[in-house]
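These protein sequences, in sequence, are chains P and Y.
Okay, so the first sequence: first residue is 587 according to this note's numbering, each after it adds one.
Okay, so the second sequence: first residue is 149 according to this note's numbering, each after it adds one.
Please note that a few of the clues may not be correct.
[As the list claims (entries may be wrong)] A few chain P residues that face chain Y, going by a derived Cβ cut-off under 7 Å, partial list only:
{"hint": "1", "residue": "609"}
{"hint": "2", "residue": "634"}
{"hint": "3", "residue": "814"}
{"hint": "4", "residue": "818"}
{"hint": "5", "residue": "822"}
{"hint": "6", "residue": "867"}
{"hint": "7", "residue": "871"}
[Unchecked claim] Restraint ranges, calculated between C-beta atoms of paired labels, are given here:
{"hint": "8", "chain 1": "P", "residue 1": "727", "chain 2": "Y", "residue 2": "485", "range": "42 to 52 Å"}
{"hint": "9", "chain 1": "Y", "residue 1": "261", "chain 2": "P", "residue 2": "686", "range": "54 to 64 Å"}
{"hint": "10", "chain 1": "Y", "residue 1": "593", "chain 2": "P", "residue 2": "713", "range": "39 to 49 Å"}
{"hint": "11", "chain 1": "Y", "residue 1": "319", "chain 2": "P", "residue 2": "865", "range": "18 to 28 Å"}
{"hint": "12", "chain 1": "Y", "residue 1": "485", "chain 2": "P", "residue 2": "713", "range": "39 to 49 Å"}
{"hint": "13", "chain 1": "P", "residue 1": "865", "chain 2": "Y", "residue 2": "313", "range": "41 to 51 Å"}
{"hint": "14", "chain 1": "Y", "residue 1": "431", "chain 2": "P", "residue 2": "606", "range": "44 to 54 Å"}
{"hint": "15", "chain 1": "Y", "residue 1": "515", "chain 2": "P", "residue 2": "881", "range": "48 to 58 Å"}
{"hint": "16", "chain 1": "P", "residue 1": "865", "chain 2": "Y", "residue 2": "627", "range": "33 to 43 Å"}
To be clear, the hints were calculated from the coordinates, so they are not data collected in a lab.
On a predicted model such as this, the values are computed, not experimentally measured, just so you know.
The beta-carbon is built from N, C-alpha and C at its ideal position, and this holds for glycine as well.
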Amino acid sequence: MLPLETSTLVFWQDERFWLHGGLILLVLAVFAYVLRLLFAQRPLAHGAAWWLLLLSAVAFSTSIACRSAEAGYFALSNMYESLLVLSIATQCLFLWLDRTFRLPAMGWPVSLLVLATVAYATTLPTNIQPLQAALQSYWRSIHVPVILSAYAMFTLAFISSLLLLVQSWREQGAPSHRANGQQNIHAASQGLPSFGLPLLATGPEAAGGSGALSLVSLYDEVTYRCVTLGFPLLTIGIILGGLWANEAWGNYWSWDPKESMSLVTLLGYGVYLHLRVNGEHRPQTLAWVSVAGFVLMLVTYFGVNLMGVGLHSYGKIG
Amino acid sequence: MTVAPAVSTHVSSPVSAASVAEQLPALPEPSCSPAVDSTVSQPVVPSSGVEADPAKWPVRVLAYWGAETLALFRSVPLAIMLIALLAIATLVGVWIPQEGLVDLADIKRQYGASYQTLKAFGLFNVYSSPWYVALEVLFFFNLLLGSFRWLKPATTAGLKRQFLSVSQLQKASTALAPIAVTAPWPVTLEALRKVLKKRGYSVYVQPDGQPDKPPVPDVSINHSLGETRVYATKGWWTRLGPAVAHIGILLLLVASLYGTLTGFKVQHVAVPGETFRLSAADRLFKNAPAGFWLGQVPPWSIRVQDFHVDYYANKPDTPKQYFCTLDVLDANGKPLRQGETISVNHPLTLGNFTIYQASFAPTGKLFLTLNGQPVAVQADQNFNNRPIAVLPVSASGNRALFVFPFYRQQDAGVTDNNVVVFLHNGKQFEGAAPGKMPTNLRLSEGQSGVIAGVKVGYVKPEIATGLQMKEAPETFWMYLAFFIICLGTVMCFPPQRQLWLALAPVSSAESSQTTSPEVVGLLYWLPKTNKGKHLFQQELARLQLELIQCLAPPGPEDQTLAQSVAVHHQPHARKEPK
Ligand code: HEM
Numbered sequence: 587m588l589p590l591e592t593s594t595l596v597f598w599q600d601e602r603f604w605l606h607g608g609l610i611l612l613v614l615a616v617f618a619y620v621l622r623l624l625f626a627q628r629p630l631a632h633g634a635a636w637w638l639l640l641l642s643a644v645a646f647s648t649s650i651a652c653r654s655a656e657a658g659y660f661a662l663s664n665m666y667e668s669l670l671v672l673s674i675a676t677q678c679l680f681l682w683l684d685r686t687f688r689l690p691a692m693g694w695p696v697s698l699l700v701l702a703t704v705a706y707a708t709t710l711p712t713n714i715q716p717l718q719a720a721l722q723s724y725w726r727s728i729h730v731p732v733i734l735s736a737y738a739m740f741t742l743a744f745i746s747s748l749l750l751l752v753q754s755w756r757e758q759g760a761p762s763h764r765a766n767g768q769q770n771i772h773a774a775s776q777g778l779p780s781f782g783l784p785l786l787a788t789g790p791e792a793a794g795g796s797g798a799l800s801l802v803s804l805y806d807e808v809t810y811r812c813v814t815l816g817f818p819l820l821t822i823g824i825i826l827g828g829l830w831a832n833e834a835w836g837n838y839w840s841w842d843p844k845e846s847m848s849l850v851t852l853l854g855y856g857v858y859l860h861l862r863v864n865g866e867h868r869p870q871t872l873a874w875v876s877v878a879g880f881v882l883m884l885v886t887y888f889g890v891n892l893m894g895v896g897l898h899s900y901g902k903i904g
Numbered sequence: 149m150t151v152a153p154a155v156s157t158h159v160s161s162p163v164s165a166a167s168v169a170e171q172l173p174a175l176p177e178p179s180c181s182p183a184v185d186s187t188v189s190q191p192v193v194p195s196s197g198v199e200a201d202p203a204k205w206p207v208r209v210l211a212y213w214g215a216e217t218l219a220l221f222r223s224v225p226l227a228i229m230l231i232a233l234l235a236i237a238t239l240v241g242v243w244i245p246q247e248g249l250v251d252l253a254d255i256k257r258q259y260g261a262s263y264q265t266l267k268a269f270g271l272f273n274v275y276s277s278p279w280y281v282a283l284e285v286l287f288f289f290n291l292l293l294g295s296f297r298w299l300k301p302a303t304t305a306g307l308k309r310q311f312l313s314v315s316q317l318q319k320a321s322t323a324l325a326p327i328a329v330t331a332p333w334p335v336t337l338e339a340l341r342k343v344l345k346k347r348g349y350s351v352y353v354q355p356d357g358q359p360d361k362p363p364v365p366d367v368s369i370n371h372s373l374g375e376t377r378v379y380a381t382k383g384w385w386t387r388l389g390p391a392v393a394h395i396g397i398l399l400l401l402v403a404s405l406y407g408t409l410t411g412f413k414v415q416h417v418a419v420p421g422e423t424f425r426l427s428a429a430d431r432l433f434k435n436a437p438a439g440f441w442l443g444q445v446p447p448w449s450i451r452v453q454d455f456h457v458d459y460y461a462n463k464p465d466t467p468k469q470y471f472c473t474l475d476v477l478d479a480n481g482k483p484l485r486q487g488e489t490i491s492v493n494h495p496l497t498l499g500n501f502t503i504y505q506a507s508f509a510p511t512g513k514l515f516l517t518l519n520g521q522p523v524a525v526q527a528d529q530n531f532n533n534r535p536i537a538v539l540p541v542s543a544s545g546n547r548a549l550f551v552f553p554f555y556r557q558q559d560a561g562v563t564d565n566n567v568v569v570f571l572h573n574g575k576q577f578e579g580a581a582p583g584k585m586p587t588n589l590r591l592s593e594g595q596s597g598v599i600a601g602v603k604v605g606y607v608k609p610e611i612a613t614g615l616q617m618k619e620a621p622e623t624f625w626m627y628l629a630f631f632i633i634c635l636g637t638v639m640c641f642p643p644q645r646q647l648w649l650a651l652a653p654v655s656s657a658e659s660s661q662t663t664s665p666e667v668v669g670l671l672y673w674l675p676k677t678n679k680g681k682h683l684f685q686q687e688l689a690r691l692q693l694e695l696i697q698c699l700a701p702p703g704p705e706d707q708t709l710a711q712s713v714a715v716h717h718q719p720h721a722r723k724e725p726k
């Protein structure tokens with residue numbers, strides 16, 4: 587994983603110590619989120635999941651910090667580091683969302699996805715490489731994290747859209763639930779396993795005061811919030827990239843595949859925003875647009891790197 | 149909505165957060181949609197003067213058709229379609245290799261027979277193809293016209309300080325249950341102001357229909373004060389967000405057009421010691437087609453003094469940074485800038501003109517010494533598909549040195565620039581034997597040696613610097629547009645929350661019928677948000693509690709939490725003379 591000389595490091599200076607610690611905490615967080623769903627009334631289950639997720643984000647951040655200290659630059663230059671920072675951003679932003687909206691049903695898919703991402707990242711080459719000349723710029727430390735935060739928001743929007751679609755599909759499947767929707771939500775908010783899909787059944791806790799609105803509208807709102815935060819972040823990130831490119835190569839924009847694809851992603855979410863402001867659309871329609879935006883984001887993030895062409899090939903795996 | 153039971157519930161029994169939450173009705177849907185705004189969705193009709201004259205029917209048809217086209221042209225659905233089409237077109241450019249980015253020969257090989265057809269559709273040059281440009285132009289006008297049509301009302305709708313009357317509020321289906329008021333108006337208004345201000349709202353009062361008249365202090369119960377309307381809002385500035393973002397996009401499009409019409413780009417590969425004129429450089433790109441280009445190339449020259457590359461000590465094939473030292477000379481050869489060193493990410497800027505360090509490459513020229521004399525040779529011969537330099541060592545020309553150059557980065561396993569030298573005697577290599585490598589000499593930079601009695605040294609290879617120069621008169625406007633777009637999209641994030649409230653007096657008869665006799669009035673209220681219903685709902689639940697506690701504090705017999713909170717929040721209510 588790392589050059590041999592790092593073995594002289596004290597354990598708390600070792601990025602692997604924090605990475606593995608973070609992974610363990612994350613596994614616990616997944617379990618805690620599932621437990622939190624099943625035993626929503628227990629206050630302990632509430633806090634534990636949130637704190638475990640927070641601690642694992644702190645551990646991952648410390649791991650990146652140790653790595654940066656060793657590399658001598660902000661360690662965000664290959665796919666492994668990029669995935670790790672994306673995971674941290676997703677965790678932090680979800681912690682904020684969870685605090686604001688109380689979304690127990692979103693906890694386990696988010697933490698599971700982050701777990702899968704970090705687990706995948708550790709299979710990639712993790713050796714520290716010296717930086718190419720073009721990457722030695724303070725722009726790199728701004729441009730990349732901003733883009734990754736946008737991706738984190740879109741990931742959360744994606745999960746929330748999926749929950750919306752599942753929820754509306756369940757409501758359609760059992761029309762009687764809709765008749766006494768209020769009751770249904772109340773039951774769901776207490777995390778009572780119901781209707782065969784317990785893990786997807788839960789919504790806001792009643793104490794949150796959101797009980798009067800349906801779960802579909804809650805996930806609709808969460809998706810919208812995530813997109814309205816992700817959209818400016820991606821805009822700023824792309825513009826920062828343009829400024830950097832202008833400084834480094836004398837071009838804001840060279841229609842390199844990664845750049846073009848990020849523009850496509852931005853336009854995709856632009857469609858989402860304008861559909862929203864233009865009259866009434868079913869939340870499900872909007873959720874599908876957000877899912878499509880996420881697919882575009884994945885192509886931008888992974889696809890173009892796998893093709894390995896263009897200026898952004900430093901993101902290449904390996 | 150029935151007023152009485154709601155009021156009595158609130159006033160006579162302690163209220164818990166949960167029960168308040170249950171009573172809150174669903175909020176109105178965000179109504180920022182241009183399509184549902186009746187004032188703006190009227191189709192444009194031809195003017196009545198034209199209508200009156202039957203002889204002018206072609207004009208009428210044209211006017212009507214024009215109006216319809218205009219309406220379509222600036223519509224938001226068209227905007228959505230154009231954004232989606234731009235996305236798809238851009239996607240095409242990602243999947244199909246583009247000429248500027250991929251080698252032309254590769255593209256031709258890959259597409260074979262279909263190359264010409266696809267080229268005719270501009271698919272190898274998507275971003276400068278007529279249809280992509282047409283899409284952008286359409287988008288520009290859609291955005292420009294749409295801004296006046298949809299964005300203006302959407303923006304101003306949130307900025308208006310409207311007041312709603314009690315009867316309007318009573319009719320509104322999304323209004324909340326009225327709250328009982330026990331204190332005289334000035335005290336009540338002051339309390340209301342405090343509660344709303346604490347939650348970040350700006351509060352505007354219209355007592356007796358007089359806009360913005362401040363409430364009169366210390367008036368005892370005065371029913372004649374009549375209906376008083378209040379408007380409270382927070383985050384009104386976020387409604388400017390879309391307009392700011394769209395103006396930024398318009399500015400970006402205009403600025404980049406300006407740059408296309410007046411800017412240019414120059415690429416030149418220069419060797420140290422070379423001076424070149426900008427206008428005579430290798431490649432001069434004017435961004436606009438000939439005849440449309442309005443800029444000019446300055447009559448400057450650039451003199452390259454020196455170039456060198458730094459490599460990582462622990463990774464000899466990765467360049468750490470490369471530096472070029474140069475002078476910029478004006479038309480008379482007078483230096484504008486002298487001895488400036490540029491490197492990657494550190495360009496040289498003269499106003500709107502910028503010189504970037506883009507790349508470097510060996511030219512194939514090698515500086516050697518032959519028997520102590522400096523010589524320069526060009527590796528222009530081909531030996532088994534490797535470029536080599538041939539350097540005769542004797543006047544007769546039979547004996548020659550074959551010099552094989554190797555470069556860092558270019559050749560696998562090479563950690564420095566070096567040459568391998570063989571001596572050829574006209575028939576064969578010196579020291580050649582079957583199965584054996586002929587006599588040779590590997591020399592790094594600065595080394596020398598002897599091969600079959602000939603003394604050679606390797607000084608260094610000639611490395612050319614790839615410079616990119618650019619005149620971008622639009623730079624300031626581009627940066628401004630970038631800033632405005634960022635600002636605008638960020639401004640769109642927070643929701644705007646609005647509350648319309650009205651105080652209505654309650655006659656003593658009404659009041660004793662409905663609830664306790666202290667009640668002197670009712671506060672009607674209607675909430676609205678353009679996004680974020682759920683969070684607003686949470687805020688409303690707390691706000692309702694606070695209002696109930698401040699406006700109608702429970703009597704002394706109610707030993708509730710509500711009471712202590714009310715005392716804490718509302719000292720005025722206590723002081724007020726009974
Ligand atoms: C790629 C270009 C565009 C971008 C990046 C963009 C961006 C945005 C953003 C961020 C919002 C705010 C959405 C929200 O608050 O949820 C918005 C709203 C809006 N956009 Fe665009 N827009 C673009 C093109 C257009 C075009 C061409 C039109 C032409 C009519 C248009 C019309 C509108 C309207 C009417 C609103 C609603 C404003 C409101 O309700 O406050 N947009 N746009």
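For this session: Report the numbers of all earlier hints that the structure fails to satisfy, in ascending order.
Result: 1, 2, 6, 7, 8, 10, 13
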